[in-house]
Amino acid sequence: MSSNNGTQPRNPARRAFAAEFQDATHQERQGNSDRAPRYQLLPTGEWANRVFIIGTLTEVEEHEENDQYVKGELRDPTGRYMIDAGQYQDKARAHMRRIDAPEYVAVTGKATSFEGERGRVTKVRVELITEVPAGLYDHWVAEAAAQTGKRLEQYGDEDNEAAAKAEENYGSDLNKYHQASMEAVRSNKEDIEQDGTVQSDTEGQNTEEATAESPSD
Amino acid sequence: MREISTPIEIIGDLTSATSNPDTDYQPTMTEDRFEQHIEDVQETLQRAEEQTETEISVADEEIEEQFKQYAEKRVDPEDCVENITKSILKDAGISNPNQFIYNGTSRSSGVSEDVPMEVEEIEEDSRWIQFTGVVLELYDSTDPIAQHGRLVDDTGSIRFTIFEGDTDELLEVGKCYRLDPVVTNEYEGEYELKLRNETDITELEGGEALDIDIENYTEKKTGTIIDFQSQMGLINRCEECNRVLTESDYCPDCGDVDSELDLRIKAVIDNGEDSWTVFFNAEQTEQLTGMSLEDAKNKAREHSDRAVVREYIERKTHAEYIELHGRDRGRRFDVEEFEKIDVPTNEDFENILDHMQSLVSEQEA
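Protein chains in written order, with our numbering: chain A, 39 to 255; chain B, 102 to 466.
So that you can see chain A by itself, here it is in the shape it has in the complex:
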């Protein structure tokens, strides 16, 4: 974690496949104040406060008692992410409810984790979720693979504090993430080969009009 005493810069949104994000259960705060940002530690050695994912929204589920909470499941070629939006994410909540699963979506959100029945579980608290065309999914898979590759390359660097911390918490067997990334690229490539239309859908995103439902801003 980089230390600095100035004001907080915006945290970059990391790209990590589900296979890795699921395992990123170690959480730390930067700084001591109550408002200090929290980070999940990626096993390949990077701190993630925010993540950006493009995947398939497979499920949206309402909470039985709390109508100010909605959760969902997002899949990429390597696994699943749990996503949710609560009381303070009005807009994200409305958007999650509006999208009919299954659908390709882009999610920008905060990486976080909680104590589940069988240990710590990671999830993404949604800040922004929108439907996207398949072409952007291809983009993301390529990008996530490239950035995972970069982290793997830098893992052994002497001054890579995040990697040292990751090794301490998770061990240094990164083969799983490496294989998962390659598998994701391979499967995506096959999809493109089978279905050329996937690529052509680059212009604009959703062609239908923005609806007037509950725009809260």
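Since the hints were derived computationally from the structure, they do not count as laboratory data.
Wrong hints could be hidden among the right ones.
[What the hints assert, rightly or not] The calculated lysine-lysine pairs, modelled on DSSO-like cross-linking and capped at a C-alpha distance of 27 Å, are:
(1) A:K129 with B:K191
(2) B:K441 with A:K148
(3) A:K129 with B:K398
[Said to hold, decoys possible] Estimated spans, in silico, between C-beta atoms of each pair:
(4) B:N343 with A:R113: 45 to 51 Å
(5) B:Q330 with A:E191: 43 to 49 Å
(6) B:H404 with A:E206: 50 to 56 Å
Even glycine gets a Cβ: it sits at the ideal position worked out from N, Cα and C.
Once you've looked at the hints, dock chain B against the given chain A.
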């Protein structure tokens, strides 16, 4: 000596116990406890002495005495190093003690050659390097900063800072300089260069200078639109001063005014490592979304709500991969031109696979 008398005191001691398990609660606690901090003070004093050619001589015991006084008032030694150093420097008649204290780093001893580095290679804090670049622009600066601005070389641009009294001369826009040595500094998540007392500033001319046209300089960034900020979509601008207004008929600068509608996007573009705030004007917004200012006005009228405009922009542009050309201004990027990046082809995926594959063989090797 300290007595454990309140819960606060106990917490304080527990904290220091974790940070320094070997030396706490030992009979010789005082000496060990202050040793490192006394050394830190002395190091700064010595640096000030060399740079100002003023004699400052203070015995370790005297410094220790000061640490003890702070400790009695429950200030941990690491928290008062600066206070103590500053008071000694002041007593010695040094006019600007802060320049030695907030140095961040001291020049490593010895006469190691400073490595020439380019902007894209700078990824480490507190490193002394040699840098050659052209001054792209200067910003207004106020005390204690004598000058700050941006330098460019063939690989990108970087902010630089000179504190009052640190250098004899300041830099001029458009000129090329060799700075040897300068120290890197991480500030607000971004690297910058600090010119210091030790920095030799040499203006390079002719063939020696970098051939960079400042007037038409742009850099390229690629990233994804991952988020949006407030005051975008359909906005009101003051007819007098063009300022973006939160109320349609009142400008904080001009008072009661008429306003006109404008369209813009205030996006966060992020590449996984850095992010910038990027403004797209009405024309650029149309280019990205297909929606013109007129379209936006109609949309807002139809729904009696301008939030639909913002919503529409978000849905159209979130997750778009973009290449930007313009000027990097730290956290903000002023875009002149941009284009959407084509989706990856089979060949791109093959290249990524090849690269990932090569990582396997490296690990096995």
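Right, here's what the structure says about each hint:
no.: 1; hint: A:K129 with B:K191; result: 56 Å, violated
no.: 2; hint: B:K441 with A:K148; result: 26 Å, holds
no.: 3; hint: A:K129 with B:K398; result: 23 Å, holds
no.: 4; hint: B:N343 with A:R113: 45 to 51 Å; result: 47 Å, holds
no.: 5; hint: B:Q330 with A:E191: 43 to 49 Å; result: 33 Å, violated
no.: 6; hint: B:H404 with A:E206: 50 to 56 Å; result: 54 Å, holds
Hints 1, 5 from the earlier list are contradicted by this structure; the remaining hints agree with it.
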